[in-house]
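Trainee: Chains as they are written, first to last, in this note's numbering: chain A, 1 to 700; chain B, 1 to 700.
It should be emphasised that the hints constitute simulated quantities derived from the structure, not laboratory data.
You may find that some hints are simply not true.
Mimicking EDC-like on lysine to aspartate or glutamate, the simulated pairs with C-alpha atoms at most 16 Å apart in a straight line are [as the list claims (entries may be wrong)]:
(1) A/506 with B/223
(2) B/506 with A/379
(3) B/49 with A/550
(4) B/616 with A/148
(5) A/123 with A/96
(6) A/616 with B/148
(7) A/356 with A/379
(8) B/532 with B/666
(9) A/389 with A/426
(10) B/506 with A/148
(11) A/506 with B/496
(12) B/506 with A/505
(13) A/506 with A/517
(14) A/506 with B/505
(15) A/49 with B/550
(16) A/389 with A/427
(17) B/156 with B/41
Chain A is nowhere near these chain B residues, computed Cβ spacing over 12 Å in every case [unchecked claim]:
(18) 40
(19) 87
(20) 149
(21) 341
(22) 370
(23) 474
(24) 478
(25) 488
(26) 495
(27) 500
(28) 534
(29) 551
(30) 552
(31) 611
(32) 640
Now the stretches of chain B that chain A is said to cover, found in silico as 3 or more residues with beta-carbon under 8 Å [claimed, not checked]:
(33) 73-86
(34) 101-108
(35) 141-148
For each residue, glycine too, the CB sits at the ideal point set by N, CA and C.
Number of protein chains: 2
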Amino acid sequence: MVIRILLVMVFSGFILSAAIADVPPPHLSLMPLPASVQLGDGQLLITQKFTVGIAGYKEARLERAGRRFLENLSRRTGLPVGLDVGDPGKATLVIDADHASRAVQELDEDESYTLEVTSRGAKLNAQNPLGILRGLQTFLQLVAITPDGFAAPALKIEDRPRFPWRGLMIDVGRHFMPLDVLKRNLDGMEAVKMNVFHWHLSENQGFRMESKRFPKLHEMGSEGLFYTQEEARELIEYARDRGIRVVPEFDVPGHTTSWFAGYPELASAPGPYAVERRWGVFDAEMDPTKEETYRFLDRFIGEMAELFPDAYFHIGGDEVKGKQWDANREIQKFMREHGFTTHRELQEYFNARIEKILTKHHKRMVGWDEVLSPSLPKDIVIQSWRGQKSLAEAAKQGYRGLLSFGYYLDLMHSASQHYGVDPLSDEARMLTPEEQKSILGGEACMWTEYATPENIDSRIWPRTAVVAERLWSPQDVQDVDAMYERVEAISLELDELGLRHLSSEKRMLRRMAGTVEIAPLLVLANVVEPLKEYQREEEATKAGITLSRDAALNRLVDAVPPESETARRFARAVHRLLAGDLRGGATEAEIRASLEVWRDNDALLQPLLQRSYLLKELIPLSHKLAGLAEAGLQALNYRDKGELAPADWTAAQSAFIEEAKKPQADLLLMILPSVYSLVESVSAPDSQGPKPAPQPGSTP
Amino acid sequence: MVIRILLVMVFSGFILSAAIADVPPPHLSLMPLPASVQLGDGQLLITQKFTVGIAGYKEARLERAGRRFLENLSRRTGLPVGLDVGDPGKATLVIDADHASRAVQELDEDESYTLEVTSRGAKLNAQNPLGILRGLQTFLQLVAITPDGFAAPALKIEDRPRFPWRGLMIDVGRHFMPLDVLKRNLDGMEAVKMNVFHWHLSENQGFRMESKRFPKLHEMGSEGLFYTQEEARELIEYARDRGIRVVPEFDVPGHTTSWFAGYPELASAPGPYAVERRWGVFDAEMDPTKEETYRFLDRFIGEMAELFPDAYFHIGGDEVKGKQWDANREIQKFMREHGFTTHRELQEYFNARIEKILTKHHKRMVGWDEVLSPSLPKDIVIQSWRGQKSLAEAAKQGYRGLLSFGYYLDLMHSASQHYGVDPLSDEARMLTPEEQKSILGGEACMWTEYATPENIDSRIWPRTAVVAERLWSPQDVQDVDAMYERVEAISLELDELGLRHLSSEKRMLRRMAGTVEIAPLLVLANVVEPLKEYQREEEATKAGITLSRDAALNRLVDAVPPESETARRFARAVHRLLAGDLRGGATEAEIRASLEVWRDNDALLQPLLQRSYLLKELIPLSHKLAGLAEAGLQALNYRDKGELAPADWTAAQSAFIEEAKKPQADLLLMILPSVYSLVESVSAPDSQGPKPAPQPGSTP
């Protein structure tokens, strides 16, 4: 048997045609890509007789993992695979861990594994159950339909993560997410080998964890939407089974309006307070000068430290404006007495006190950029929403850090944009190897102003899989086209697991339309994306609208995925055409066909838009799509004739495109840059012509 | 305000154009249709300020129902509706029940309600909480998107069921269904006002309920797949909250192999026994001659009678072959001693003994047709899989009955076929009004040889909604076209509730194809239906295949819905065309477009079929679809020229159609009868021509 040694590059799109010879390599839809893969000959057929056996170290969690694996295998294949995990002697897949992992999962635990698949069976070895969990996910992703049945290709994988902290944060403060939403997202995390669930549990808009010591926190701070401690334990257990740590965040001293609903005495200004319903940054801040504040936090953190076993505890610490502090005489007096001249110094004092409380309860502090200060011990972790520069500065001071800048899922960036963000790029690249070790990894962050249990999966997935790959796979895994191909396969796997990123859009569209016949609405939905970054807020401000939890998230902007696959493919086709693609005829026909559909769609769609309150706002958008398509078709006509377009035509198109760039219904028409390119390609260089290429949002 | 009094007829398709005047009546997508509807003027806008208040009788179940209603309303609209059920004074919807329902839901309880909606609010009145539950579902179905927002039309509904027993049976013996599958199906039942969940808990292939007295029943009879008693209580509670009774079935004395795995001493032939994996009718039968059998059943039924609060208890009693009885000398001796000459007499003896045991435990017996015998008391209930004749005979003897003949969901009949089955039709029509009262209603039955947790929803829904309407709505609600229109809306509602009948097919197709790009596969999938009745078994027998639980249910036949909506619409278009539709041109263009897609699809689909083990069997089917489409197109060409086709063409098409009728991959091509009609329409009456119209399956 000839083992062909292939590099990770093969899977990221680089084709070694000579080495592959007659049989093409199996298409490995792995995400994250493993550190190393050696392809073998043949494949392991998966039948209903497939079994899993445990050799070596045994524990109940491993058995549950084996059973869950078999359930997932059955779901992937539709085969009635037996679910008992048994005797390693006869098993198709033998899992073999050397020893137990720690009682509470720790940051530095080994997650490496070796997976060997031959046509006769498979062996999965790891130091401890964490590596087994990771390897089982790899095996599942290897299983594909072939002409002979479901099979995994013969190969040997040696794999380990690049970073030890690969997290997903979900903000359950702004919109509460029921436990089943979190569970299915933990399933998704497991599938892509993420290992930290950062549970953002308190916000101005909601305090979501039951406190037995201070029951008014959840009773008055949650509008009835909170997790019981029993549920928290259930989730922690669920996460542990999947090799995922749970790091709770209770954000202090700002973002605390919901705390003050029940305990106004903690605030820096007199109450009463009510749970905030608007979005934004607010004034409510804890009073860092009162000893009562620390007594309260000591008891509260003590209670939570017992509930959450993880060694790390997130105290937020972001966006403290200091407005209440300025307005409070006692606080001003305190600052003078302590020689503090800035809010920052007062917050540093607060953080240092909190840090001592955490240490007392055997927890290490995690906080956002703002908590960084030389007065704190070196074992705290800085989570950076500001960027690699901020991380690098912390590292140079000896602090460990996590990158979240560039991984904010709510900003609606494309998968390729997230993929391009690396914790060790930019300023962090200049760090010494020793300093680089203090960059622990990163976290994708899901803030939920515009996410509900209904659409949150489509905001998190599949883009988080791309972040997971960035944090797990070797740094040189960078091929964007190959990434998009693999994302498609992983997206299906996540759908099989119960995530709703693929299914929620249609359900929402049908609701908007009030009918099952939504084909023309889908045509429009497929080429738009939600506004990027904070443009939705900017549009609201312009329109004089106060954004809040009272606004329904049932519009098209809430239903469509953050990235338009249709527009991405169209952009690639246009790019090929303009780059002089050899298959020019076929490519142009493809482009023309798309443009014709978009041009003709408006007439089909308008009756639907007219009769629905939720669709009316799309009337001009649908017109504009038709107009853009018409412009593109005319440009193609000029190309076909080998002519440049007249200057007045170019000017008119340019003006139209400029107009179409404006956000409409909080959406962007993502085919616009490609149409612009087509128009530009037939415009005289000296014509007044199009302005610099418009780039709405994120289409690469 | 002018109230226009409209009859139920209006909603079933009969148009009163004069009465409706300028404003068209709102399209009421109600299923089942209420007994009476009076439309008013205007509509009630649904906003996030919508509230529910309880006047009159209060209980926790009503509050939970109100909250669940608000959750569903929020899901239907996407509006962030508050979930607290509060003060009736200020509520948008006031629910008002006169008094409690019984502690355990009973057969004869009142389920009527009155719902009045005006532009200012809504009132829902009922005698007891059951009527409130029914009315809340009606209100939910009234909510639709309009140009002004979500709204319910102003109207007054007075509603009550036609039959008191409207059930769904699910066989969890052949394929185990996890609790969440059952729960979402109970949600579906609630939505269409069904009130009995018949839980078929034991079969040759599995004993699914934990028994504490006889633990070997579930331990050795279930392969680990059973419900704990705790789970049973949870489900009963869940059902009660939805106004649904739970009737357990433990099928005796046949269908009992799984009992004998742990207790072979109950059998009529020596063991050992193992849980049956094949499908079919088997020999294993309890020994009705031994007192030990009755002691066992007394203790077992006693245990179950305590667990299941419902007054009725189903003992199955079907398909006893008597083979083991014939082979057992002791049993033969017993029969001689008792003067029994037939198996039937012995089973009557057994049933009479069981009936006494049930009575002792305060339960009334339900059994399939076979249990009917004058020796049993008149309070037992006969469930008929044989038909109205059988029911009518029972009624004449004073027995009450349920119809399930014509409601077997696993036989893959169309919605219209189920819709056409009425418990009081045929022989039952001739009963006296008093005798008719003993026909309590009916049950849709889901036997699960070919249903798994993955595809069962698509076998049950939406067709069960049609059975629910037949059992609830007035007998004269019969318009099939209107039914199909309303089914579409209800299907979306069921999807919103979490049922997977709409989503499972695509997931399964993607799995078969190993890719997300399944458009050509969908084209084929959309025009086929699974074989009807017991043809799948017949095909297997022909092929020498033993059908069993070991066969994977991951083929196209397992994924496609029982009824092809595409073929149904195509058949209607062809029918319009041949009937000389005034819009002939448009209709023909529509037909031509479909035929061209089907003709051209084969070339697109073949590469996909070649590379998947699960799709290979479709290669000839796809060819045949193309051939049928070509025949249809050629027939249209003759029509357009105003010519009759030559006799040899007709003969060739006829032969091809005959060939295409043969089942392939356990599927039928449902456009075949329509293509046949097109071919026939251009064939000379005297040509050898097509044979009598082929009618695969169920297309009307």
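Trainee: Does each hint hold? Answer for all of them.
Mentor: Outcome of the hint check:
1. A/506 with B/223: Given that 16 Å is the threshold and the Cα spacing comes to 38 Å, the pair is violated.
2. B/506 with A/379: Outside the cut-off at roughly 50 Å; violated.
3. B/49 with A/550: holds (9 Å)
4. B/616 with A/148: holds (10 Å)
5. A/123 with A/96: holds (8 Å)
6. A/616 with B/148: holds (10 Å)
7. A/356 with A/379: OK: residue 356 of chain A and residue 379 of chain A at ~12 Å, within 16 Å.
8. B/532 with B/666: holds (9 Å)
9. A/389 with A/426: holds (7 Å)
10. B/506 with A/148: Violated. Residue 506 of chain B to residue 148 of chain A sits at ~22 Å, over the 16 Å cutoff.
11. A/506 with B/496: Measuring from Cα to Cα gives roughly 11 Å; hence the hint holds.
12. B/506 with A/505: It holds: about 15 Å lies between the C-alpha atoms, which stays within 16 Å.
13. A/506 with A/517: holds (11 Å)
14. A/506 with B/505: Holds, at about 15 Å.
15. A/49 with B/550: Holds: residue 49 of chain A and residue 550 of chain B sit about 9 Å apart, inside 16 Å.
16. A/389 with A/427: With a Cα-Cα distance of about 5 Å, the restraint between residue 389 of chain A and residue 427 of chain A holds, given a limit of 16 Å.
17. B/156 with B/41: holds (11 Å)
18. 40: holds (21 Å)
19. 87: holds (16 Å)
20. 149: violated (4 Å)
21. 341: Given that every Cβ of chain A is farther than 12 Å from that of residue 341 of chain B, nearest at about 44 Å, it holds.
22. 370: holds (31 Å)
23. 474: holds (27 Å)
24. 478: holds (24 Å)
25. 488: violated (5 Å)
26. 495: violated (6 Å)
27. 500: violated (9 Å)
28. 534: Nearest chain A Cβ is 22 Å from residue 534 of chain B, so the label holds.
29. 551: About 8 Å separates residue 551 of chain B from the closest Cβ of chain A, which leaves it inside 12 Å; violated.
30. 552: Violated, since 5 Å does not exceed 12 Å.
31. 611: Check fails; 6 Å does not lie beyond 12 Å.
32. 640: About 26 Å separates residue 640 of chain B from the closest Cβ of chain A, which puts it past 12 Å; holds.
33. 73-86: holds (count 8)
34. 101-108: It is violated, with 0 qualifying residues against the three required.
35. 141-148: n = 5 at 8 Å, threshold three: holds.
Violated hints for the displayed structure, listed by number in ascending order: 1, 2, 10, 20, 25, 26, 27, 29, 30, 31, 34.
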